[in-house]
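A.B. asks: Given next are the chains, with one letter for each unit.
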Amino acid sequence: MLTGGYMTYLLARLGAWTIACLAETGKMFNFLLYAVYTCASSPGHPRHILKQISFIGARSSLVIVLTAGFTGMVLALQGYYTLTKFGSEGMLGVAVSLSLIRELGPVLTALMVTGRAGSAIAAEIGIMRITEQIDALETMALDPFKYLVAPKLIASVLALPLLCGIFDVVGIWGGYLVGVKLLGVNPGAYFGEMENSVQWKDLYSGMVKSVCFGVIIAWVCCYKGYYAGHGAEGVSRGTTTAVVMSSVLVLIWDYFITSVLL
Amino acid sequence: MIELRGVTKSFGSQTVLNGLNLKIPAGLITAVIGPSGEGKSVLLKHMIGLMRPDSGNVVVDGEPITCLGRRRMNRVREKFGMLFQNSALFDSLTVFENVAFPLQEKTSLSDAEIARKVRDALLQVGLTGADAKYPDQLSGGMKKRVGLARALLMNPRIILFDEPTTGLDPVICRAIHQMIKQTHARFGYTAVVVSHEIPEIFDISDRVAVLYRGSIIQCGTQEEIQNSSHPAVRQFISGSLEGPIQPI
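Residue numbers (the working numbering), protein chains in the order written: chain A, 1 to 262; chain B, 1001 to 1248.
Treat the hints as calculated values from the structure; they're not laboratory data.
Here the structure is a predicted model, which is why all the values come from computation and not from measurement.
Note that CB positions come from ideal geometry on N, CA and C, so glycine has one too.
Fair warning: there could be bad hints in the mix.
Claimed, not checked - Derived coverage of chain B by chain A (criterion: at least 3 residues anywhere in the stretch with Cβ under 8 Å from a Cβ of chain A; other residues may be distant):
| no. | stretch |
| --- | --- |
| 1 | 1082–1092 |
| 2 | 1102–1108 |
As the list claims (entries may be wrong) - Derived pair list, reagent style DSS-like, types lysine-lysine, alpha-carbon separation capped at 30 Å:
| no. | chain 1 | residue 1 | chain 2 | residue 2 |
| --- | --- | --- | --- | --- |
| 3 | B | LYS1117 | B | LYS1023 |
| 4 | B | LYS1133 | B | LYS1117 |
| 5 | B | LYS1079 | A | LYS146 |
| 6 | A | LYS146 | B | LYS1181 |
| 7 | A | LYS51 | B | LYS1106 |
| 8 | B | LYS1133 | A | LYS51 |
| 9 | B | LYS1079 | B | LYS1106 |
| 10 | B | LYS1133 | B | LYS1079 |
| 11 | B | LYS1117 | A | LYS51 |
| 12 | B | LYS1133 | A | LYS146 |
| 13 | B | LYS1106 | A | LYS146 |
Said to hold, decoys possible - Have a look at the derived ranges for each label pair, beta carbon to beta carbon:
| no. | chain 1 | residue 1 | chain 2 | residue 2 | range |
| --- | --- | --- | --- | --- | --- |
| 14 | B | GLN1226 | A | LEU10 | 58 to 68 Å |
| 15 | A | VAL248 | B | GLY1069 | 27 to 37 Å |
| 16 | B | ALA1132 | A | SER236 | 24 to 34 Å |
| 17 | A | SER236 | B | ASP1136 | 16 to 26 Å |
| 18 | A | VAL260 | B | THR1166 | 49 to 59 Å |
| 19 | A | LEU62 | B | ASP1136 | 27 to 37 Å |
| 20 | B | CYS1067 | A | LEU10 | 48 to 58 Å |
| 21 | B | ALA1132 | A | ILE19 | 49 to 59 Å |
| 22 | A | LEU10 | B | SER1055 | 30 to 40 Å |
| 23 | A | SER236 | B | GLN1014 | 55 to 65 Å |
| 24 | B | GLN1014 | A | VAL244 | 30 to 40 Å |
| 25 | A | LEU10 | B | GLU1242 | 42 to 52 Å |
Bound conformation, chain B alone (with noise of 0.2 Å):
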């Protein structure tokens, strides 16, 4: 279980976490919502210690990561995998290469062994035939499933997707949506989803979290944030204009 606890951080003189808490169950898949530029993706950064808060704590199975030093921070980092908003693929490695790295920085399998591993995880993606390539030479949908293949590759207990659909079409939309699905219930690990596909989203959730002016002002089940009476809840999976949440 991830807890963030009183969580606060500035970027100069704007505060983007405010004193943030959230609990993200085990074995779930938490969806975290909320208007554009409200520090969804700093959450997430947060949870895997890539930002550290001004005052507050995160705590992941426990322990507090906080104050952790590079290496117990790596211990705790094992835990994870992370598919990035933009998929953050090595872009001097191929699709193969971007796959296989963390089994050959990480693992002491032979080659044969590798190759068997990131092809049986490209195929889990529904991706073949593009080992060779470049990720300049692949679509925004194919570069965010061999992210996903290179997240689930060494088997976290916790994945976190950075808008795993941001910029695609509605068809790899729901394609990437039925991927983390699937391979959730195969594999069982914990999801922390920022998005801003609504009502979509909701298809694959079993818990949402609001964002909103640095807090979450709502978490529960898909059925209590449709049901919300919080106007900016209301207003942000309505999509209205009118509301508290200013549109520019």
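This is chain A alone, in the form it adopts within the complex (with noise of 0.2 Å):
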């Protein structure tokens, strides 16, 4: 039985858990607010954007076609091992194509980018907290979001549509190559049926998923890096939040979103 203190206590917690809880997400919108404005208004020279999306595209390229080669192969094995219990061998490309456009590229797209170059991003700007060179930067009278935030949350928006885009057209080789080449699957039908269910809003509400994954990935981890704690455990700590609210995120963000375009 609990007595009336012990109660009082919890609630007493509870509530500034949840006013604590809701002054960390106004600040983090405010965040997202000004840096949005940034973008708008005074996005940076063109050279530090590209230098972003090389770090966050073109350099996250690699892990994205070996992660969609695999996804692309094990959806097509897992994909005939169902579809031959209804004798729908020949729908193994709509199968593949139509899971990875509209679900999985976008996601394992955003989950593999976090993992690369989201928690690089936070551990960066963390480092340049802690070590003042943000302080720096003020001093200089120059906005640190148009340096660190602006440009790399323009860049992941950028990277992402096309990164998705590469894991979709790689998946889907990978699962031609199983699925054709392995277990027999006419070519035709494999192309042939892609050909006749893909449609243009599918393709778009996994673009549209790209985009949003990447606003989120860059907001939360150029947060948590901009508001690291002190030293290098603050930088740990900020850089591993930055990496599982990302992850998280993106993850709930696409059932509602999936539940908006479907």
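Using the hints, put the two chains back together into the complex; each one sits in its own frame.
C.D. replies: Quick look at the structure:
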């Protein structure tokens, strides 16, 4: 049986936690709004943006190709196993392509980019914070958002759909390799059914998701780095939180956006 | 002129600045001395708007800066340069790029003109042949020089020095102090120097302010400070273990 004093204590803790969560959420949304405003008003020098596109996009392409290839291959294996039960192996191309284009492409691309580039973004900005490099920018009357946040946000929004496109294409070819070359599915059926079934709105939904995920990754990772705690431990905690929070938000947002776009 | 009026700043339950009042006269070198952990760096950060006071006001050239928005604050910061305790150089940029950064971002000078100005600034702080090095390849003294060159480059009217000689050997310390004195004589900026180097800092300062327990307990010329009757000031400048300042 809980005593009245203990109940009050628990309620006070719950209230304090709720207020802290709301304050943090508000701070995060303010951060996003100012980042978007900076992107629109003074997005920074194109060379800063290109550098970030190279870092977030080009340098993630190898890991995306590898992930996409094996995802497509395993989708073909699993899909073939299921479809043969209904005598519908010819639909394998459709199953692989729709799964990739509508769902797995954007989500897995976002998760891989979060792990590879998002963690690096949080760590880079966090180290700049604890070594007073961000303060140095401010003392020069330069807006840190223009140099650190806006280029990463723009690059992430541009790079994610492109990486997602690569993921889809490589994944479909991975599925082709296993389905057609290994399991003997008719190549005409694999691509022919795909051509009939994949519609513009499927591609559109994948691309919209990728753009949203690009915003989420850059936003969360920049925020967690920008407000990193003290010392190496603060940066380490900020980086870990950035990756976990980005990944979870990607999956949550994926559900909501799928329910709207379906 | 910079003026702090009744500035109070707390972090959690710890009050660092407690109704602090201080006037920094224009064109002079003012040293801020005091025991470690008394909030000298916090004081500097209030002067340039990197921190905002819980109460009180900071006035720069007659303009209160405490409630300024980002854009107007940046206009005030145009007047400032700052040399950080750990130099705060951009670690992914070379020495040349570090010094050139504010010029590249804030002026429309040609690359050749920027290169000439950067070389001049590095020459002024006695640093040559290190243009292509990265900050982690430099000694502590060299980093301070690069930081000073970067702070000087935009010809600021006010420069804040946050412990410019901490962790450096006595020879480099003296060289940095001389450099501050020479550049001050040449450019005539207002300087605020936070330092622990007693009595060396007296040689370059026009005025000295002593920060203790969140307030300026004495501010005056170096003679006034050295002849002070305040027990905390006397203990601090003599380095004695006996007195109101608790060593640990």
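A.B. asks: State for each hint whether it applies.
C.D. replies: Hint-by-hint comparison with the structure:
Using a Cβ-Cβ cut-off of 8 Å, 8 residues of the stretch 1082–1092 of chain B lie near chain A, which meets the minimum of three, so the contact claim holds. For the stretch 1102–1108 of chain B, the proposed coverage by chain A is satisfied: 3 residues have a C-beta within less than 8 Å of a C-beta in that chain, meeting the threshold of three. For the hint linking LYS1117 (chain B) to LYS1023 (chain B), the alpha-carbon distance of about 33 Å lies beyond 30 Å, and the restraint is violated. Of the supplied pair hints, the one linking LYS1133 (chain B) and LYS1117 (chain B) holds, its CA atoms being roughly 18 Å apart against a limit of 30 Å.
For the hint linking LYS1079 (chain B) to LYS146 (chain A), the alpha-carbon distance of about 20 Å falls within 30 Å, and the restraint holds. Pair hint LYS146 (chain A) plus LYS1181 (chain B) does not hold up; C-alpha atoms about 35 Å apart against a cutoff of 30 Å. In summary, the hint linking LYS51 (chain A) to LYS1106 (chain B) is supported, as the alpha carbons are separated by about 20 Å, within the 30 Å threshold. The straight-line distance between the Cα atoms of LYS1133 (chain B) and LYS51 (chain A) is roughly 21 Å, inside the 30 Å bound, and the hint therefore holds.
For a cut-off of 30 Å, the pair hint linking LYS1079 (chain B) to LYS1106 (chain B) stands: about 13 Å separates their Cα positions. Between LYS1133 (chain B) and LYS1079 (chain B) the CA atoms are separated by roughly 29 Å; this keeps the pair inside 30 Å, and the hint holds. Proposed proximity of LYS1117 (chain B) and LYS51 (chain A) is supported: the alpha carbons are some 26 Å apart, at most 30 Å. Distance check on the hinted pair: LYS1133 (chain B) and LYS146 (chain A) sit about 26 Å apart at the alpha-carbon level, within 30 Å; holds.
The straight-line distance between the Cα atoms of LYS1106 (chain B) and LYS146 (chain A) is roughly 13 Å, inside the 30 Å bound, and the hint therefore holds. Separation of GLN1226 (chain B) from LEU10 (chain A) is about 59 Å and conforms to the stated range, judged on CB atoms against 58 to 68 Å. A hinted range of 27 to 37 Å for the beta carbons of VAL248 (chain A) and GLY1069 (chain B) is consistent with their spacing of about 34 Å. For the hinted restraint 24 to 34 Å between ALA1132 (chain B) and SER236 (chain A), the CB-CB distance of approximately 31 Å keeps it satisfied.
Distance hint check: the CB atoms of SER236 (chain A) and ASP1136 (chain B) are about 20 Å apart, consistent with the given range 16 to 26 Å. Range check, VAL260 (chain A) to THR1166 (chain B): about 57 Å between beta-carbon atoms, so the 49 to 59 Å window is met. Between LEU62 (chain A) and ASP1136 (chain B) the beta carbons are some 28 Å apart, a value that agrees with the proposed interval 27 to 37 Å. In this structure, CYS1067 (chain B) and LEU10 (chain A) break the distance hint of 48 to 58 Å, their C-beta atoms being roughly 39 Å apart.
Checking the proposed 49 to 59 Å range against ALA1132 (chain B) and ILE19 (chain A) shows it holds: the Cβ atoms sit about 51 Å from each other. Between LEU10 (chain A) and SER1055 (chain B), the C-beta spacing of about 35 Å keeps the proposed range 30 to 40 Å intact. Our hint of 55 to 65 Å for SER236 (chain A) and GLN1014 (chain B) is violated, since their Cβ atoms are close to 25 Å apart. A C-beta distance of roughly 32 Å is found between GLN1014 (chain B) and VAL244 (chain A), which places it inside the suggested range of 30 to 40 Å.
Between LEU10 (chain A) and GLU1242 (chain B) the C-beta distance comes to about 51 Å, which sits within the given range of 42 to 52 Å.
The structure fails hints 3, 6, 20, 23 (numbered hints given earlier, in ascending order).
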